Amino acid sequence: MNQATVTIRLLEGAFFLASLAQPEDNSRLQPYIHCDGFAGGVRGVTLDRRPPTAQPWREVSSGGRTWRVSVVEGYRVMYSYPRTYPFANLKAERSDPAKYAADKQVVMRSLEELAGADGNTELAGFSNQGFSGQTVTKKELAGSTIGITQIFSDRDLVIVTIFFLNQAPQNRKFETYEEFIALRDDFVRGYIECVAKKIIRRRK
Numbered sequence: 004m005n006q007a008t009v010t011i012r013l014l015e016g017a018f019f020l021a022s023l024a025q026p027e028d029n030s031r032l033q034p035y036i037h038c039d040g041f042a043g044g045v046r047g048v049t050l051d052r053r054p055p056t057a058q059p060w061r062e063v064s065s066g067g068r069t070w071r072v073s074v075v076e077g078y079r080v081m082y083s084y085p086r087t088y089p090f091a092n093l094k095a096e097r098s099d100p101a102k103y104a105a106d107k108q109v110v111m112r113s114l115e116e117l118a119g120a121d122g123n124t125e126l127a128g129f130s131n132q133g134f135s136g137q138t139v140t141k142k143e144l145a146g147s148t149i150g151i152t153q154i155f156s157d158r159d160l161v162i163v164t165i166f167f168l169n170q171a172p173q174n175r176k177f178e179t180y181e182e183f184i185a186l187r188d189d190f191v192r193g194y195i196e197c198v199a200k201k202i203i204r205r206r207k
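Start counting the sequence shown at 4; every next residue gets the next number (our numbering).
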């Protein structure tokens, strides 16, 4: 990676930090989109708001048909480690209160079906600090997306989807599959811990 690329990455980080002072601070998703610097120094480099003019739903395939999962508001955060290309694409979305339970079941079934259709993946569930979730991970470093994690907050009616990205070896933090798994686990654990702390502070 040349000096110009490094400079661009540094500027992206600066823009992300500057965004913390924007109206997103008033969003109910604020604890979910302003976590930064956890898991060994991963940084949020871009923060994008779902357009207010977007349809209040997204389409998800499950059970041989397409479902509409409600989205009242949403943001995307791209994360990377210093001097590397993006490691994770995180989407935090708040559901319609009347539809959250159904939304959760749809996206869970969709990920389970994705794992079941590909014999080269593993599916695991987890629970941590009041959040539940599931992760599907490829068994090798192949393709552009090598893992997907969904995190659910039943209290906040929030669904977080994290796509873990593969890059060319010289542009990523990890070298081996085992190193990727360790980084993924640190990312999910660190993110949940960060969100939980921010929620506690918000409720005081």
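These are calculated hints, taken from the structure and not from any lab test. None of the values given here were measured: they were computed from a predicted structure. Glycine included, each C-beta is placed from N, C-alpha and C at the ideal position. Check the hints yourself; a few may be wrong.
Capping the alpha-carbon separation at 27 Å, the derived lysine-lysine pairs in DSSO-like fashion look like this [to be verified]:
#1 K141 <-> K102
#2 K176 <-> K207
#3 K141 <-> K200
#4 K94 <-> K107
#5 K141 <-> K94
#6 K176 <-> K94
#7 K102 <-> K201
#8 K142 <-> K207
#9 K207 <-> K141
#10 K176 <-> K142
#11 K107 <-> K142
#12 K176 <-> K107
#13 K200 <-> K142
If you anchor each label on the Cβ, the simulated ranges turn out as follows [unchecked claim]:
#14 P100 <-> N123: 12 to 22 Å
#15 R68 <-> K200: 13 to 23 Å
#16 T69 <-> G193: 28 to 38 Å
#17 R31 <-> T69: 20 to 30 Å
#18 S64 <-> R158: 39 to 49 Å
The hints, checked one at a time:
For the proposed pair K141 and K102, the alpha carbon gap of about 31 Å is over 27 Å, so the pair is violated. Using a Cα cut-off of 27 Å, the hinted pair K176 and K207 is violated, with the two alpha carbons roughly 37 Å apart. The straight-line distance between the Cα atoms of K141 and K200 is roughly 31 Å, outside the 27 Å bound, and the hint therefore fails. Between K94 and K107, the direct Cα distance comes to roughly 15 Å. Compliance with the 27 Å bound is thereby established for this hinted pair.
For the suggested pair K141 and K94, the alpha carbons sit about 20 Å apart, so the restraint of at most 27 Å is met. Proposed proximity of K176 and K94 is supported: the alpha carbons are some 21 Å apart, at most 27 Å. For the hint pairing K102 with K201, the CA-to-CA distance comes to about 25 Å; that is within 27 Å, so the pair holds. Between K142 and K207, the direct Cα distance comes to roughly 43 Å. Violation of the 27 Å bound is thereby established for this hinted pair.
The suggested pairing of K207 with K141 is violated, with an alpha-carbon distance near 40 Å, which exceeds 27 Å. With a C-alpha separation of about 18 Å, the suggested pairing of K176 with K142 holds against the 27 Å cut-off. A hinted pair counts as satisfied when its Cα atoms are at most 27 Å apart, and K107 with K142 qualifies at roughly 26 Å. The straight-line distance between the Cα atoms of K176 and K107 is roughly 32 Å, outside the 27 Å bound, and the hint therefore fails.
For the hint pairing K200 with K142, the CA-to-CA distance comes to about 32 Å; that exceeds 27 Å, so the pair is violated. Between P100 and N123 the beta carbons are some 38 Å apart, a value that contradicts the proposed interval 12 to 22 Å. At about 39 Å, the CB distance of R68 to K200 disagrees with the hint of 13 to 23 Å. A beta carbon spacing of about 34 Å between T69 and G193 agrees with the range 28 to 38 Å that was offered as a hint.
Against the hinted window of 20 to 30 Å, the Cβ-Cβ separation of R31 and T69 comes to about 27 Å, which satisfies the hint. Range check, S64 to R158: Cβ separation about 28 Å, and the 39 to 49 Å hint is violated.
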